[in-house]
Amino acid sequence: MKKLLNTVNWLVLCGSTLLVVLILGVILWDIFSKGFSSISLGFITSYPTNGMTQGGIFPAIIGTVLLTFITTLFAVPFGVACAVYLNEYAKPSLLTNIIRASIRNLAGIPSIIYGLFGLALFVQALQLGTSILSAGLTLGLLSLPYIITTTEEALKRIPNSLREATLALGVTQFETIKDVVLPKALPGILTGVILTLSRAAGETAPILFTGVAFYINGISASASQEFMALPYHLYMLSTQHNEIEQVRPLAYGTATILILLVFTLNSVAFYVRFKNRTQD
Amino acid sequence: MNTIKLRAENLNLSFGKKQILKNINIEFQENQVTSLIGPSGCGKSTLLRSFNRMHDLSPDAKIDGNLYLDDLDLYAKKNSVTDIRKRIGMVFQKPNPLPKSIYENLSYALHIHNYPKQEIPDLIEKALKESFLWDEVKDELKKPAVKLSGGQQQRLCIARTVVLRPEVILMDEPCSALDPISTKKIEDLILRLKKDFTIIIVTHNMQQAQRISDKVAFMYLGELIEYDTCHTIFNNPKNELTQHYIGGHFG
Amino acid sequence: MDASRREQIDRLNKFLFKSTGLLTITLLGGIFLMLFSNSVLFFLDVSPVDFFTGSQWDPDTKYSFLPLLVSTFLVAVGSMIIAVPLGIFTAAYLSELAPRKVQMILKPIIEMLAAIPSVAIGFLGIVLVGPGLASIFGIQNGLNALNGAILLAVMALPTIVTISEDAINAVPKSHREASLALGANQWETLFRVTIPAASPGLIAAVMLGLGRALGETMTVLMATGNAAAIPEGFLDSVRTITATIAIEMGEVPYQTTHYYALFAIAAFLFLITLVVNFTGEYFANRLRKFHS
Chain A
1 MKKLLNTVNW LVLCGSTLLV VLILGVILWD IFSKGFSSIS LGFITSYPTN
51 GMTQGGIFPA IIGTVLLTFI TTLFAVPFGV ACAVYLNEYA KPSLLTNIIR
101 ASIRNLAGIP SIIYGLFGLA LFVQALQLGT SILSAGLTLG LLSLPYIITT
151 TEEALKRIPN SLREATLALG VTQFETIKDV VLPKALPGIL TGVILTLSRA
201 AGETAPILFT GVAFYINGIS ASASQEFMAL PYHLYMLSTQ HNEIEQVRPL
251 AYGTATILIL LVFTLNSVAF YVRFKNRTQD
Chain B
1 MNTIKLRAEN LNLSFGKKQI LKNINIEFQE NQVTSLIGPS GCGKSTLLRS
51 FNRMHDLSPD AKIDGNLYLD DLDLYAKKNS VTDIRKRIGM VFQKPNPLPK
101 SIYENLSYAL HIHNYPKQEI PDLIEKALKE SFLWDEVKDE LKKPAVKLSG
151 GQQQRLCIAR TVVLRPEVIL MDEPCSALDP ISTKKIEDLI LRLKKDFTII
201 IVTHNMQQAQ RISDKVAFMY LGELIEYDTC HTIFNNPKNE LTQHYIGGHF
251 G
Chain C
1 MDASRREQID RLNKFLFKST GLLTITLLGG IFLMLFSNSV LFFLDVSPVD
51 FFTGSQWDPD TKYSFLPLLV STFLVAVGSM IIAVPLGIFT AAYLSELAPR
101 KVQMILKPII EMLAAIPSVA IGFLGIVLVG PGLASIFGIQ NGLNALNGAI
151 LLAVMALPTI VTISEDAINA VPKSHREASL ALGANQWETL FRVTIPAASP
201 GLIAAVMLGL GRALGETMTV LMATGNAAAI PEGFLDSVRT ITATIAIEMG
251 EVPYQTTHYY ALFAIAAFLF LITLVVNFTG EYFANRLRKF HS
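Protein chains in written order, with the UniProt record's numbering: chain A, 1 to 280; chain B, 1 to 251; chain C, 1 to 292.
Worth flagging that the hints you see were computed from the coordinates, not collected in a lab.
The hints are all genuine.
Listed next, the stretches of chain C that the computed footprint assigns to chain A, with coverage defined by at least 3 CB atoms under 8 angstroms from CB atoms of chain A:
| no. | region |
| --- | --- |
| 1 | 15–23 |
| 2 | 29–37 |
| 3 | 121–131 |
| 4 | 154–168 |
We put the CB at the ideal spot given by N, CA and C, even for glycine.
Here chain A stands alone, though its shape is the one from the complex:
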């Protein structure tokens, strides 16, 4: 009896784990097996045609890349600076506690609420309109808490003895941070930043009302234009299109490209982390 029970226990634990693996397997198999056949050079480099039923996703790829670029430009300097403040300067105080609580809180806010905030702040109050700039800034705000947290983790791993080494030479704290602490923490910071950006690239809800468009007929270099993005393109193709059967292969192709993009960014992040760990 006891033996039977043990076997059942074993089966439950192993079975659960297998199921989790199976879920990932099914997701990737379903999308990739149907998606790869839609992907060709033309799919990646051409515009959608015939009311989206043919052609490629070129503007959506470019849109996602540019959008992520704007997000980076905004979120990384602020996020890293805030992490530096918390780890290098801030003393235990009420203010520090409030800042930390705010960051934890911000990380838990649903992404659609960031979308509303972006709409109210960037699109309306700051008059940036529905544009790639508004959307990028909105995603930047969403990414901020993650960048702060991962950067602070990376800074924590730098031993204090390194900071003392330069301070004792009459180097100021800022020079120490700039010349010693940040360079040494760079791989760790980079890992966190790339992982955060890969999340941002796959986000849809925050850009819904801040600038994403179903179709644009030319890529403009202007940050005040609306834009196409891979996740939104996938959403529209799979829910809002009348010719469901005709566009489904395109949707699979888009999903494949999106997942490949995100996995590539993740692999780069893990490579940087791995490289850094083996060096130490």
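Assemble chains B and C onto chain A, guided by the hints.
Frame of chain A, contents of chains B and C only:
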């Protein structure tokens, strides 16, 4: 008689509610090696670190009293802390080379303090020679400093301090992480450096204190118990606590 | 540069760094203020009684929050019913049974699962899970609460597995050894000693997973059918708070009652996720204190 280089007057220091240093009055003479000895937790490292203001970054450290380098009030608001730290260098317990090349470990602070570019290579060579490291590293100055052995790293850290020509060098148990051969090299180095610098060293090693010190200060539970020449402390200590400690009864 | 100039730069930078810290407070305050002020404007137009009663969210006539709230919780709680046992068992396997090599393979797999964008999971809800449910239950289409719950479970799994595993790993070895020494076998030790000892961490895992499920937009928007009525079961089509905002915000004219209404429901979502996340945080801290 030597001139007094560094001194503390009525120094009290506490971390939060815990008082670490109690009314310390001490003077260090120029071009001498002074050892601070005493059992763990007696405050000797804390005293050492207060001279180049390394406690500035501890939010709960509270310092009362006066510390002077010559006539410079070390904690006066108007005096620059970076300038003070340049004049009072420090070597730490564990070697802490910067994650840069051997050469850059020395050139970094020189650049920061605006030494003329053309003088830097000579200054570095001189400091490495003074630190008995030049012959071992002269062909591989571009090598990352962390690739050096522990003893070499510590001599590099000393060279990094020496290259700025400070007036005082503080050393916080510089040999405790090293093997006997490296320790011997560093002791030789200390004896040679005292011609040019005033050296204060914290050590747990009684033999080491005896070998290198001109004067020795014994501290216990945050107080300065006895301060005298090396010979007197080790051969004829006046205080009973000192006698016990020297005799190896605690610590 | 002389020393005083360098120290001036040092102080200036300290100030700049500090101001970015203050930015995070401002950001949170800004989000709160936006939600709060628009909610006030909404409740000037619509009475709270009407808002909290009724069974239809129909912006032309009536703003009844209840169906959205029930939908949101139905899907999120449903997802936890699926994800919690699966996640905790997987975490237990990872930390107690799995050989090192298997761990090395499983961890990246779980991180990969976490990396898949929500819109791609939602897409699978339409093309894979939906038709599957339709044929199993013999219904017209499979876009319903169950579909959403399954997808959200998949999305919450990585969070639950990772935090639960940390919690189980944090249980001191001595606890387990004591139990084994008393003659309990590996399983009795796991279920009676290790998992109870890790329970604050497990609660934290569930809460943070729930927080994520409550706030997720794209998957539920795509997979749950979006009918704004109070659902009677898991096979009914539902419409969550997040999906409602996503669907309607694109079309409402700015500064109308309808516009304010969407901020008002967002404000409630904000409060709900806040409470759930802080509960999770509280238990996570308890675990940390307990073991350090």
